[in-house]
Amino acid sequence: MDVSITVNHQTQHHDVEARTLLVQFLREHCLLTGTKVGCDTSSCGACTVLVDGESVKSCTMLAAQADGRRVTTIEGLATDGELHPVQQSFQANHALQCGFCTAGMVLATVSLLEEIPNPTERDVRLGLEGNLCRCTGYHNIVQAVLAAAGQQP
Amino acid sequence: MIPAPFEYIRAGSPDEVLRALTEHGDEAKVLAGGMSLLPLMKLRLATPGVLVDAGRIEALSYIRDAGDHVAIGALTRHRDVETSDVLAAQCGVLRAVAAQVGDNQVRHRGTLGGSVAHGDPASDLPAALVALDATFVVRGPGGERIVAAADFFRGFLETALAPDELLTEVRAPKTGPGGFAYQKFNRRAQDWAMVGAVAVRNGTTRVALVNMGSTPLRAHAVEAALADGASIADASEHAAEGTEAPADINASPEFREHLARVLVRRALTEAHA
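Here the protein sequences line up with chains A and B, keeping their order.
Be aware that the first sequence starts at 1, since it is given in the numbering used here, and climbs by one per residue.
Be aware that the second sequence starts at 1, since it is given in the numbering used here, and climbs by one per residue.
Since the hints were made in silico from the structure, they are not lab data.
Glycine included, every Cβ here is placed at the ideal spot set by N, Cα and C.
Some hints could be false.
[What the hints assert, rightly or not] Here are a few chain B residues that sit away from chain A, every Cβ distance over 12 Å (derived from the structure):
#1 Glu16
#2 Gly92
#3 Asn202
#4 Thr204
#5 Thr269
[Unchecked claim] Derived, one-sided and incomplete: chain A residues facing chain B with beta-carbon distance under 10 Å:
#6 Glu75
#7 Glu115
#8 Pro117
#9 Arg125
#10 Glu129
Take these sequences, add in the hints, and give me the full structure.
The structure is reproduced here in structure tokens:
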């Protein structure tokens with residue numbers, strides 16, 4: 001079937017099987033491999049992207065469900081070579097170890113801060129419960145999110 | 001993991017869903033947010049030949065004050081339930097329970113009707129609706145019928161929905177400012193409830209249990225004890241009566257029975273605070 005998704009402000013039009021998952025569409029058809037497949041069972045959040053500005057797990061959504069919608073991946077966050085504030089904060093706070101969860105963490109954070117612009121530490125921990133860091137590097141991730149929100153970590 | 005091949009039909013209205021269901025019979029499954037169905041399809045535990053995507057039917061996404069109840073469209077997302085002002089004023093327990101479903105990403109996609117129609121006894125919201133004595137509006141080829149929550153859940157992943165019927169609306173009785181609580185026990189954030197207990201006060205106190213049988217269950221013995229004047233501590237001791245707690249990798253039935261008693265006590269205490 002024809003699926004047309006605006007990915008990072010560009011129209012991506014591909015003829016795919018109906019059973020194609022959004023994450024496959026992004027990685028295999030758009031060749032945007034910044035979005036990772038971790039658990040593939042909607043537990044770990046590594047595949048988190050934004051659909052119409054809201055975080056979703058792209059391993060548990062069909063590309064067909066995103067047809068006609070706007071998708072933002074980690075490749076689409078920076079503007080004119082300038083990292084998104086959340087990306088900058090992750091860098092400044094060393095909020096990554098192996099980096100596999102990072103794209104999902106960053107996008108989940110962008111969505112979270114859209115909904116709760118001034119989160120408490122508890123808001124951040126609850127808001128990112130759908131994203132697992134197998135390095136267990138949560139401390140700096142939480143600091144980075146608070147810093148990105150302009151809060152004192 | 002990729003689902004087995006299927007024919008995809010995008011429905012623009014409830015009638016289009018019903019037409020597709022009538023044409024394809026039990027070959028077809030309705031897709032709402034997909035938070036329950038897609039994982040099953042990826043594991044090939046569900047292999048529908050036809051997937052009828054109802055997810056874009058805006059007309060089934062609403063939360064309205066409807067007099068003696070709040071009417072919630074079946075395709076209303078958990079996120080919208082969690083943040084609804086109408087529910088905050090009229091039926092706060094649904095907000096509180098919706099806020100504990102899965103994680104943010106799941107709540108951005110998952111729908112109330114999808115959770116109900118899936119009929120998983122480990123789901124949070126069906127138990128809340130059972131506690132509330134909610135009713136469900138079901139549309140089929142012959143028209144609409146109303147099904148009480150108590151009659152809707154028939155068994156593990158089994159409901160009163162016929163293969164050619166669509167759940168269109170959930171009607172939640174108003175509880176006003178009455179106390180409520182949801183106690184959910186799991187070992188990891190975002191996990192399904194090993195056991196959960198919902199308490200709602202609205203004149204009487206009603207209690208329902210998550211994951212203590214093949215369907216969400218009312219804790220009738222607890223309610224009866226409370227009605228007879230028992231203390232919360234004493235009434236909670238009846239929480240496991242009439243249940244058939246499952247055994248799985250997370251817990252034995254005996255542990256679940258213990259959890260039910262503890263969680264019901266905590267939920268009642270919170271609801272009466």
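Results for each hint:
Listed as a non-interface residue, glutamate 16 of chain B keeps its Cβ farther than 12 Å from every Cβ of chain A; the least gap is roughly 16 Å. Distance to chain A confirms glycine 92 of chain B as a non-interface residue, since its nearest Cβ pair spans about 18 Å, more than 12 Å. No Cβ of chain A approaches the Cβ of asparagine 202 of chain B within 12 Å, the least distance being about 28 Å, so the stated non-interface status holds. The non-interface label for threonine 204 of chain B is consistent with chain A: the shortest C-beta to C-beta separation is roughly 32 Å, beyond 12 Å.
Separation of threonine 269 of chain B from chain A is adequate, the least Cβ-Cβ distance of about 22 Å exceeding the 12 Å criterion. Interface hint at glutamate 75 of chain A: violated, since its Cβ lies 19 Å from the closest Cβ of chain B, which is beyond the 10 Å cut-off. A least Cβ separation of about 8 Å between glutamate 115 of chain A and chain B falls short of the 10 Å threshold, and the interface hint therefore holds. Against a cut-off of 10 Å between C-beta atoms, the interface hint on proline 117 of chain A is violated, since the closest Cβ of chain B lies about 15 Å away.
Of the supplied interface hints, the one on arginine 125 of chain A holds, with its beta-carbon coming within about 8 Å of a beta-carbon of chain B, less than 10 Å. Given the 10 Å rule on beta carbons, the hint for glutamate 129 of chain A holds: about 4 Å separates it from the nearest Cβ of chain B.
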